[in-house]
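> This is what each chain is made of:
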Amino acid sequence: MSAAHGDGGGAVIAIERLVAMANQIGDFFAPYPHGQREEGVRNHLRHYWDPRMRQALLAHFDTTGGAGLHPHVLAAAKLLRDEQQATRKAYAGPPPRS
Amino acid sequence: MPNPRKPDGSVVTTCAYCGVGCGFKAETIGGEIVRMTPWKEGKANHGHACVKGRFAFDYYRHPDRVRTPMIRASIDQTWREVSWDVAIAHAAAEMQRIQAQHGRGSVGAVSSSRCTNEEIFLMQKFARVALRNNNIDNCSRICHSPTQFGLSATLGAGAASQHFDSILQADVILVVGANPTEGHPVFGSLLKRRVRQGARLLVVDPRRTETAESAHCKATVHLALRPGTNVLVLNSLAHVVVTEGLHDAAFIAARCHPAEFEQWRALVADGRYAPEVVGPEAGLDPADIRAAARAYAKGPRSTIYYGLGVTEHSQGSTGVMCLGNLALACGMLGREGVGVNPLRGQGNVQGGSCLGSWPHMLTGYRFVTDDAVRATFEQDWGLPLDPEPGLRLPNMFDAALAGTFKAIYIQGEDPVQSDPNMNHIVAAMKAMECVIVQDLFLNETAKYAHVFLPGSSSLEKNGTFTNAERRVSMVRKVVAPLAGLEDWEITVKLINAMGYPLHYDHPSQILDEVARLSPAYQGMSFALIERCGSVQWPCNPQAPEGTEVLHTQTFPRGKANFMLTGYVPTTERVDERHPLLLTTGRILSQYNVGTQTRRTGNVAWHDEDLLDIHRQDAEARGIRDGELVAITSRYGETRLHARISDKVSPGVVYTTFHFVQSKANAVTSDLSDWATNCPEYKVTAVEVAKVPANAPASARARAGARA
Ligand code: SF4
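Those protein sequence lines, which keep their order, are chains C and A.
Per our numbering, the first sequence starts with residue 1, numbered consecutively.
Per our numbering, the second sequence starts with residue 1, numbered consecutively.
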């Protein structure tokens, strides 16, 4: 990835820290039931993280299968790739029950 | 001959030193400020004031004030004084060069709560229309960003629910992680007055603060919890409420989502949060936890005030949500004498939060990823906006170290001194190609800057501040800006130089633009504020003169939300090498990192940061009162003089962070809140050791030096 092309390229944070941050978000949503839990993490990553941070997390997922990520954070990372989820509006409250 | 001591001019304005936002009459003789008199009509202070507001004003004409813009090619060169035009053109050219070379996302900006609403709004506009990205953050990132997150999640509005005077109708006052009698003095006196009238005071704070215990004011219950256990203890209070059936079922049914309440009830009712289990873990007597929970739930009017002791944790946002949940469960919202209220540190932290100076949100707490919201701005500003969230302040520094973030425009902030893990920030600063600092003084950060733009103090500009009770008050120009320009004028020049044509005749036009683009400020204008003295948002056709108490009929999203707040201990733990917990705070006479108050007579009250340590811990280490000690964490080391104190519990040490020399942030970690990256200032595992008498002289001198 080349940073010169703008807005998508280049590392922002060491991957170890990104994984730790993503897991911290996962820890918060852990008490929610299956479904809500993953969605809460997805909403947060999608609407609070710079796209370069999201891409780095996804690249880590592709190259290592998501080493170090908690299972529901991995599931949330997969949801980030889902086109249909991408159009969902951001929200500040609890993840909706599907 | 006229009396030379008699003021010949007077201007009503707002104090910028803390979130109370007291009104003052600034009196002048021959264009120089001679006295600040508390303004009787000020609705936040009713004629009261504290030592900071009254006496710490002469910094504005301190010889250290920079009066001319300066540039240099690299940070090892000396500064070269230049004209405003040269400095602005140079800064703009550098940012454009860097964006062309390293991408649009390689530059960002940070706004300051020292600045007015209008100036903060312009900073985020700068990022969005001139940098064409969302790399904009504000200094509340490092203090109250969890407030915005946690209160938005539960109550739907990231701000205090009450006006200050509402506390005079409270029966129970719960203060969590705040010390208003020192941090927010004028509000602190109001609190004490109410306690003297018989209100019960519950304090949750690791220290025996002035608020918890003073001559005329003593907490009914003080939960001196172990730093880092807020969420555990707050969940335990909730546990008592739901298991003893103290919750307000009618309020929950009418104003909340019942299914969410059930979900939350199941979580906090778990035996893990029983006071008998939590007590030993948090260093508390279970009976005290039960007593506090019962008193709060019983009310009948119970109110919550909280501060950085809640937010500056790895679970800061969760802690704020706990407070929202607790108030909802007990029906303590939507009337006088109740509520959930953050106490803001610096003058305009609430403004920083409202005015869209966030990488993920536009004004009025609306997501940049929302197409409809962005469209209203795009129409007003006439260009498409970046639809993706930008970098937060700590992420900007991370990216600088990774080599992908190369320039930053910093308004009125000193991240090198005030941000956590100083060594990391310094390295990040050094990795950047262009650092633009706009400030009154050559602060610590300016050591790493390439462009210095001399800013103006709040005594030298027109605009508005929003205080901790959502009150928008006027800031009026008392004296001319020392370096010629008000801060907003500097930003306008930069925006123009970056190729986006922009012009305002007066800051009132900026507030008009804010009103156009933000629902909560819809009805605000200079004219309205002039007429009413001050106006609390929301201000709109339904509330043309503003709103004192929020959530009286409905919540912004209709119903409020219970959030699930499981306790996750911080990874910062004590061990054999770092057996003590360091927590940090501030004291009355100094203003946060003290850039301004250190340059006033107020140093007479406080001339050095000290380390408070319990006698037991001191004796175990052979430390005597007043001795120089080294404080070592996993991240760094600093030296301070020790003060034996019974205000801290064994196992806990405490210091303030007002003086550069103390480098308190050299020891704090880079751990941060899960939701906002607000740094965990309140918990660092450390060891404290006597500095041997034969330590290198330079180290001793450094630690002993005064500002
Ligand atoms: S520092 Fe705060 S309490 Fe003191 S005068 Fe200023 S606004 Fe009022």
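Treat the hints as calculated values from the structure; they're not laboratory data.
None of the values given here were measured: they were computed from a predicted structure.
Cβ coordinates follow ideal geometry from the N, Cα and C atoms, glycine included.
Just so you know, not all the hints are guaranteed correct.
Unchecked claim - Interface residues of chain C toward chain A, partial, derived using beta-carbon atoms under 10 Å:
hint : residue
1    : Asn23
2    : Phe28
3    : Phe29
4    : Arg81
To be verified - Cβ-Cβ distance ranges computed for the label pairs, FRET-style:
hint : chain 1 : residue 1 : chain 2 : residue 2 : range
5    : A       : Ala215    : C       : Ala14     : 31 to 39 Å
6    : A       : Pro519    : C       : Lys78     : 49 to 57 Å
7    : C       : Asp62     : A       : Asp58     : 55 to 63 Å
> Evaluate each hint against the coordinates.
A quick look at each hint next to the structure:
With its C-beta approaching chain A no nearer than about 9 Å, C:Asn23 sits inside the 10 Å limit, and its interface hint holds. Here the hint on C:Phe28 is kept, as its CB sits about 5 Å from the closest CB of chain A, short of 10 Å. Taking 10 Å as the C-beta cut-off, the interface hint given for C:Phe29 holds, the closest approach to chain A being about 8 Å. Evaluation of the C:Arg81 hint against chain A yields a violated restraint, the C-beta minimum of about 16 Å exceeding 10 Å.
At roughly 51 Å, the beta carbons of A:Ala215 and C:Ala14 sit outside the given window of 31 to 39 Å. Roughly 36 Å separates the CB atoms of A:Pro519 and C:Lys78, a value that falls outside the hinted 49 to 57 Å. Take C:Asp62 and A:Asp58: their Cβ atoms lie about 60 Å apart, and the range 55 to 63 Å holds.
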